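Novice: What follows is each chain in one-letter form.
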Amino acid sequence: MINQEFVDKFRHYHKYGTWWDDLNPLTKFVVCFMVALTPIYALTWWYGLGVCVIVSIVAMTSKFRKNFFSLAVKVFLIITILLVVLRQIGHRATSITPLINIFGWQWYVETLFNSLNRASFIVGFSVTMILFFTTTPMRDITYQLEQMGVSHEASYVMLSSMQNIIDLKATAVTIFDSQKARGIETTGNAIKRAKAFFPTLAPLMIGAMQGTEEKTIALDARAFSVKRNHSFLRKLRPVQGYEWAMMAVAVIFNIAMIFVSFKILKQLPVTRFF
Amino acid sequence: MARIELKDVTYRYPYTKSPALKHITYTFEPGKFYGIIGENGGGKTTLCNLLRGLIPHFYQGSLKGDVIIDGTDVRKWDTDELSAQIGYVFQNPFTQISGIKETVFEEVGMGLENLGYSEEEVIKRVCDVCELLKITDLVEKDPNALSGGQKQRVAFASIISMDTEMLVIDEPTSQLDPEGTEDVFQIIKTLKEEHKTIVLVEHKIDLIAEFCDEIIVLKDGEIVFSGPTHEILSNRALLEANATIPQAAIFGHAMADAGKPLADIPITIEEAERLVRERKG
Chain U
1 MINQEFVDKF RHYHKYGTWW DDLNPLTKFV VCFMVALTPI YALTWWYGLG VCVIVSIVAM
61 TSKFRKNFFS LAVKVFLIIT ILLVVLRQIG HRATSITPLI NIFGWQWYVE TLFNSLNRAS
121 FIVGFSVTMI LFFTTTPMRD ITYQLEQMGV SHEASYVMLS SMQNIIDLKA TAVTIFDSQK
181 ARGIETTGNA IKRAKAFFPT LAPLMIGAMQ GTEEKTIALD ARAFSVKRNH SFLRKLRPVQ
241 GYEWAMMAVA VIFNIAMIFV SFKILKQLPV TRFF
Chain X
1001 MARIELKDVT YRYPYTKSPA LKHITYTFEP GKFYGIIGEN GGGKTTLCNL LRGLIPHFYQ
1061 GSLKGDVIID GTDVRKWDTD ELSAQIGYVF QNPFTQISGI KETVFEEVGM GLENLGYSEE
1121 EVIKRVCDVC ELLKITDLVE KDPNALSGGQ KQRVAFASII SMDTEMLVID EPTSQLDPEG
1181 TEDVFQIIKT LKEEHKTIVL VEHKIDLIAE FCDEIIVLKD GEIVFSGPTH EILSNRALLE
1241 ANATIPQAAI FGHAMADAGK PLADIPITIE EAERLVRERK G
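Residue numbers (this note's numbering), protein chains in the order written: chain U, 1 to 274; chain X, 1001 to 1281.
Note that these hints are calculated values from the structure, not bench results.
Warning: the hint list may mix true and false statements.
[Stated by the list, open to error] Mimicking SDA-like on lysine to any residue, the simulated pairs with C-alpha atoms at most 25 Å apart in a straight line are:
#1 LYS180/U / MET205/U
#2 LYS1124/X / LYS63/U
#3 LYS1189/X / LYS9/U
#4 LYS63/U / GLU1140/X
#5 LYS235/U / GLU1179/X
#6 LYS1189/X / GLU1179/X
#7 LYS1124/X / MET205/U
#8 LYS1124/X / PHE10/U
#9 LYS1134/X / ASN3/U
#10 LYS1124/X / HIS152/U
#11 LYS1141/X / MET205/U
#12 LYS1204/X / LYS1141/X
#13 LYS1007/X / GLY1031/X
#14 LYS169/U / GLU1179/X
#15 LYS9/U / THR1136/X
#16 LYS15/U / ALA1145/X
Just so we're clear, the structure is a prediction, and the values are computed from it rather than from any experiment.
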């Protein structure tokens, strides 16, 4: 017997059970994108950091928070550390206040804040967009895109790309194992592994092409390209009234930040290091 | 629908010298169950591709002769519309999974979504087909994480759910165990009872003997034998041509060779059992 509770889920809009996750992908995208742009205007480290904190609080409410934090923390640390170090190496002219000396390598306070300001817009933008992409499954994005008129084929390409990478990886492992079974050395130093790896590329590519041909036939067998209105077994809730309001607020906030950034933020003492 | 006439059809794949099908003339009547057998490389899958319209729409090559599907030449058919009329299950279960659905339930319903069926109709059909194919325990699973046999059942279910008038099925049991094979044949039998036109390529000759109305034997791209199942599979010429024939028919021929012929050459175990009993009696 089929689990009726599972089947009944398809009779309603798909829900994740948290306020953020259950927002329509369009709402999430507009809100994230509008907020993500603001650190670029502000270009101050404390604003970028503030955006990251707020975005992290929102992410805490999502059931996909693990995905968000595992990626966002890496991006945050890598970009910040990289820019801070590179800036300390290359920026000297206006640096006057010593911060620390590491085995003769002098760091300056002004350079530190300068680099943090630079990092803030990249990190602020990236972390906010990571919130959107890690908390919105690709199938939800493509569903919404199809609702907005994007072709069935385009959304299939987007969705299947991830699976194709997984399939390709599995095929590569199979080819590698079969090489190993035939006595080819696949372990050892980098040169040995490279020697074993390059011959796998041809069968891997040919296999992928053959797979594509069969996949095309399989999709054709499922009436994939029939020129009729497609229906959707799994549906998302359309954009609600309050979501339109959220998007409007995000757009207004974005526009306001352009003015605030150039008229006010740049004048504040805390941003003077820039 | 689903009457297909092949008139002196010869087909050669692109970049190949010899044709994969040669001078094929045959008519597939609606509501009948056809079995296609023959050696590997004999043209069975090519014939399936032709019946499904993939030749010449997908595989370009050189097609001579006429393929008339429901009164219209295959060249004039919209290939997308053909997919709604003729279901096609092919050998490799791994590439038949779409790769974009999260559960088997959605995977089975994908064809129906593409055809624009309402949500309730999709749910009802998918539930029915999953019960029929005994895959109810799989519906919540990720189709990409299934075994070969499970994928084959899901691929089969996906096509069955579309409820097409005709089904072209190319080795649907290649990844299945004997129990799974028997289940699939029982489903095909049910489809036959619903008067679907079925064209089945299968190496399991004993099952072909049990279920098919007509048999086509292909060798090197040509039809070497064709006709009613019993007539073809009991033909000694088939045995002499080293073709695979049912165990029951081999037994019947052996009995005849031993000077103890049965009243007829049986092609199924049940027939053999009956004929032996009659002979004893």
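Novice: To test your reading of the hints: which numbers does this structure violate?
Specialist: Violated hints (numbers, rising): 2, 3, 5, 7, 11, 12, 14; every other hint is consistent with the structure.
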